[in-house]
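Under the UniProt record's numbering, think of the first position of the sequence shown as 1, with each following residue one higher.
Read the hints as simulated data drawn from the structure, not as lab findings. Just so you know, even glycine gets a beta-carbon here, dropped at the ideal spot from N, CA and C. Please note that the accuracy of each hint is not assured.
[To be verified] Computed spacing ranges between beta-carbons, pair by pair:
{"no.": "1", "residue 1": "Gly60", "residue 2": "Leu38", "range": "32 to 42 Å"}
{"no.": "2", "residue 1": "Gly150", "residue 2": "Val109", "range": "32 to 42 Å"}
{"no.": "3", "residue 1": "Leu37", "residue 2": "Val69", "range": "29 to 39 Å"}
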Amino acid sequence: MKSWSPYALLVILAIGLDQWIKALVEAGLPFQEKLDLLPFLALFRTYNTGIAFSMFSSFGDAGLVVIAVLVVAFVLYLATRTPSGHIIARIGFALIIGGALGNLIDRAVYGHVIDYILFHTPVWSFAVFNLADAFISVGAALVVFDELIGWRREPTPSND
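Can you build the whole structure from these sequences, using the hints too?
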């Protein structure tokens, strides 16, 4: 599978799904009101003015857009240098890029990222995140996983 078309399609699908769900959230979920789905999972619309757990919010929109563009460019560079046989890594890179571009669209259009997924217990809660963040996390895990199995693919040197 030497063509980049399936990976480009995955990027487009990730962006489209992310933006579609965010539009539904914006239209139908009250701001900062928890809607419990399960005892540990809720929908909770809020806005993230930074990157990953609101870090770097002091950089402002333009600075965060520049950082996001640089990250996407770097991930694209890594993806293009990945051998065609590393399909898992290439899928991971496509998910990272799709998620990053989904959040970049939010930042460029709204000046913040729309977050809405909340894992919680009665005494603890994880940071609110969105599908784009999940794509980035799963993509990164796939790239790491591919690297780990890649070590197993390489022949071990013999001590002859």
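Which numbered hints are broken by the structure, listed smallest first? none
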